[in-house]
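Chain by chain, the residues run as shown.
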Amino acid sequence: MADHPRARESRASRLERWSFALAFGIAGGIAIVLLVAPTLIVLITSFTSAYSLKFPPPGYSARWYLALWTDSPEILAAAWLSVEVAALATAIATVLAVAGAVALARRRAAWARVLDAVFMSPLMLPTLALGLALLVLFNVLGRGLSMTTLVIGHVAICTPYILRTTTASLLQLDPALLDSARSLGARPWFTFRTVTLPLVAPGVAAGAFIAFMASFDNVAISLFLSDARSEVLPIRMWHIIEANLDVRAAAASGVLIGAAVVLMLLLERLTGVSRHLR
Amino acid sequence: MTPGAREWQLVLPLALFFAVFVFAPLALLGVVSFYDDAAITTPGVAQYVKFLTDRFNMAVLGQTLWLGLLATAGALVIGYPLAYIYMVAPVGVQRVLMLVIVLPLLTSAVVRTFAWVVILGRQGIVNSVLAAIGLIDAPVRLLYTPSAVVVALAQIQLPLMVLPVITALGNIDPNLRHASHALGAGRWRTFIEVTLPLSAPGLLAGCLLVYAGSVSAFVTQTLVGGGQLMLMPQYMYQQAIQANNYPFAAAVAMILLAAVLAIVIVVNIVSRRAETLVHG
Amino acid sequence: MTTRGVALALDGITHRFGHTVAVDGVSLRVEPGEIVALLGPSGCGKTTLLRIVAGLLRQSGGHVAVGGGIVDALPPNERGAGIVFQNYALFPHMTVEANVGYGLRARGTPRKDIAETVRRMLALVRMDGFARRLPRQLSGGQQQRVALARTLAVSPRVLLLDEPFGALDKNLRLDMQIEVKRLQRELDITTIMVTHDQEEALSLADRVAVMSHGRVEQFARPDEIYDRPASLFVATFVGTASLLRGTLAEGVTLECAAGRLPLGSVGAPSARAVVLAVRPEHLRFVDPASAGLDAKIELVLPLGPLVVYDVVLSDGTTLKVTTSRGAGVTPHAPGDAVRVALVPGAPASVFAE
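Residue numbers (our numbering), protein chains in the order written: chain A, -7 to 270; chain B, 17 to 296; chain C, 6 to 358.
These aren't lab readings, by the way, just hints derived from the structure by calculation.
Heads up, none of these hints are tricks.
Quick list of simulated restraints, FRET-style, between CB atoms:
no.: 1; chain 1: C; residue 1: Val26; chain 2: A; residue 2: Leu35; range: 43 to 53 Å
no.: 2; chain 1: A; residue 1: Asp166; chain 2: C; residue 2: Leu177; range: 23 to 33 Å
no.: 3; chain 1: C; residue 1: Asn176; chain 2: A; residue 2: Asp166; range: 30 to 40 Å
no.: 4; chain 1: B; residue 1: Thr292; chain 2: A; residue 2: Phe12; range: 21 to 31 Å
no.: 5; chain 1: A; residue 1: Glu1; chain 2: C; residue 2: Ser47; range: 29 to 39 Å
no.: 6; chain 1: C; residue 1: Gly113; chain 2: A; residue 2: Leu169; range: 54 to 64 Å
no.: 7; chain 1: B; residue 1: Leu115; chain 2: C; residue 2: Glu191; range: 50 to 60 Å
no.: 8; chain 1: A; residue 1: Asp166; chain 2: B; residue 2: Gly186; range: 17 to 27 Å
Every residue gets a Cβ at the ideal spot worked out from N, C-alpha and C, and that includes glycine.
Turn these sequences into a full structure, and let the hints steer you where they fit.
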C-alpha cells in the first residue's frame, strides 16, 4: 500500500481543531492557576519572617506557627469551640438526616419532593438570613445565646449535606437486597441495621465529613448566634484580618488548609468523598 | 402512594426540626419586617417602603445583585472550560484535578478570602509584580474596590460552577460527539450545537449556586470590599447588630431572600424544560 | 444521490490499548458496493476496527485506504465514513429533520438544498411525516431509520454499522435487516457491519470476516465460512460443531478412542494429531454393518422439521446429530445403541491439534 496517495487534513480543519484546543486550554489553565495560586500564596506567606503580609516574603521562618501555638489562647479557644460545635451539630444532623433520607429516598410522591426541597433549601438560600431569623426567634422566646442555640443553627446547615449523600447512596442500593431480606423473614429494623446501614455507611460518612467541614467553616450562622464571650474560629479570624492583618491569620489559615488536605486525602482513600461533592 | 406509619416516624424528627428552627424563624422574621418602628410596636409596611424608595438602599441591592451577576459570568467563562478539560483528561490527571477543585470547598470562606487580601494588598503579589516590571511607582489600591470583590467571588465560588458542569458533561453520551464528527462537524460546531445545549442543566445549576453564594458572601464582601462598599449581607448585619433596628434588618433579609428565591425559581423552570429536552 | 461504491482497504492494522493488543495485523480488502460483516465474540476487536476505519481512533500501526487513498491523517469529519452507532446516537434535543440535516448544515449547504435532501432521505427510509418529532418520541426501529437517514444524507463513501440490530426486538430485527440490505443495494454503498450474531452476518453480508483476539481467522463468503471453516475457532463459533479428537490414518480415516471413522478425502494436515469439527447435519445413523462409531442416544429434541440427537460415544465424547423428520422415519429413543458415520460427500473439517 506504500504507493497509495496519502490524503491530508485540510488546513481549515486543522486550524479549527487547534483554535478549539487553545481556547479551552488557556481558559482551563487560568482556572487551574486561579484555583491553586491563592492557597499556595497563603501557605508561602504564612512562613514569612516579617511582621507584614508582604509577598514574596523577605525571609522564611516558622515563628508565626509557633506564635499561634504559644501566644494565641483566643485563637486556640476559638478553634476548640468550632470543633465542639461542629462535632455536636454533625452528630445530631446525621441522625435526623439519615432517618429523613430513608423515608424520602425513592419516593416520587409530591409530598416527598416538597419535603426534599425544603430540607435542601439551606444550601441554596442565604443562610445569613436564617442566622438573623434564629436570633430573632431566640430573642422572642426569651432564651439568651448559648452553645445550644449555636448548635441548633449549625444543625440546620449540616443536614442538607448528609441528606444529599445518604439519599444518593440509598438510590444506589439494589431494592432486591431488601426484598430478599424481607422474604427471608428479617424485620425492618434488623434489615436496616444489617443490610442498609453498612451499605450506605460510606455515603453517610462522606456527608458527615462535608457537614463537619461546613459547620467548622461557617460564618453566616455563627455571626448572629455567637455570643460575645465565645467566638468560633472563622469569626475570630475575620476579626483579626479586619482589624490589623495579623500574620497569625496566615499561620492559622495554613493549619486549616493543611488539615483540610490531610482529611480529604484520608477520606478520599476511605470513602471516595469527591464523588459525593458533585 | 400514601406514606406509611413508618415513613412518618422516620421523617418526623427532621420535619419538626425544620418547622421549628427554619420555617418558623423565617416566618417570624417576615412578621418582624412588617413593623414600622425599631421598637416593634406598630405594624406596617414602612420598612419596605423605606427600602424601595430610598436611592441608597436600592443602590445597595442593585450593586449586590450586579456584582453577583458579574461573579457568575466570570466563574462560568473559566469554570466551564475547566470542567471540559477534566472530562477529556486521563484518569490520573482527573484524580488530581478533582482534589484541586474540591479542596477549596472544604476550607473556610475566611481563609479563601484572606488569600485575596494577601494577593491584592499593598504589599501583595500583584503590586510586587507590577512594581518589579516597572509599571508602577507606588502600590496601587486594588483592595476595597468592586472589581476586586468580583474577581475574589468568582474564584472562591469557582468549584460550585465546575462540579455541576462536570456531572452534566459526564451524562452526555460520548457517541453523540463521535456522531457529530463523523457527519462532518468540527470541534466548535460540535461544542456549540451538541455539547453546550446538552450540558445546560448542569450549567444552570452551577450558575445558580455561584449566584446565590456570591450575593450572600458576607466575609468576602467585607474583607475585600472594605467598609466603603455596602452590600446587602453587611447592611443586614449592621442594621441588626450595630443599629439594633431589627424590623429594617428583617426587611433587608426578606428582600435578599426574595432576590435569591426568584432566581432559583426561574432557573428551576428553565432547567426542567432543558432536562426533558436532553433526557426525554 | 452521488454515492457510488468505493473500495476500502485495511493494511496491517494494529492497535494497542496500553499493553493489550486489541487489533493484531488485520488486512482486508472490501470491494466497491460490497457489504462485509465483521463477526466475532465480544472483545475480539471488531468494534475497535470499525472505529479505526471511521477515524474515531488512531491506529497504532497499519494503514486505512478509502477509494485508493490513505486516510490515516484525516480526522473523522473529513474522512467520508458514515457511522451508525448501536444506540443510534440521535441528538436528543433536535427534531428528526434537524438531526438528518445536521451533517449538511455542518458543510454549509444552502438551506433550501438541506430541506430538499432531508425530505428525500426521510422518504428513502420511510419516515416522512416524522420530521417534527423528537427522538424520544420514536421507537427503536424508527430511531434507527432516522440514524440511517442522517448518515446517508451526507453521501458517505463508506457506511459503517456498529451492531445495528442488537437493540431491536426480535420481530423488528428481520424487517430492519431487509430494509438496510435494500438501501445498501439501492445506493451501492460499500458497507462494513459489526455483529456478534452469526445468523445476521451470514444472511446479510456478501463476505464475512470472522475475528478472534484481534485477528481475522477467515474472510470469505458465508457459504464458505459455514462449509469450509479455516480454523477450529471458525468451525465452532459459526454454527454448531461437534469435535472429535484422534489421529489421521492414511488421510482418510480418523482413529480415535471410540473407534474408526471413515472421512472420505480430506486435505491432509501435516500433523497426525487432529481435531475433526463436524456439523450435526453432516452426521447420520448407519446400520451396524457399516463403518462408524458406536454411540448411545442420550437426549432427543424434536425441533420442527428436524430431530436433534445428543449422543455419547464409548469414550464419553458427545456428538450432536441432526436428521430430518420424514414420514417414514421412526425416531430413535433415549438409550438406543446406534452407529454414527459421516453423510457421504459432506465436508469434513480437520485441523491440526
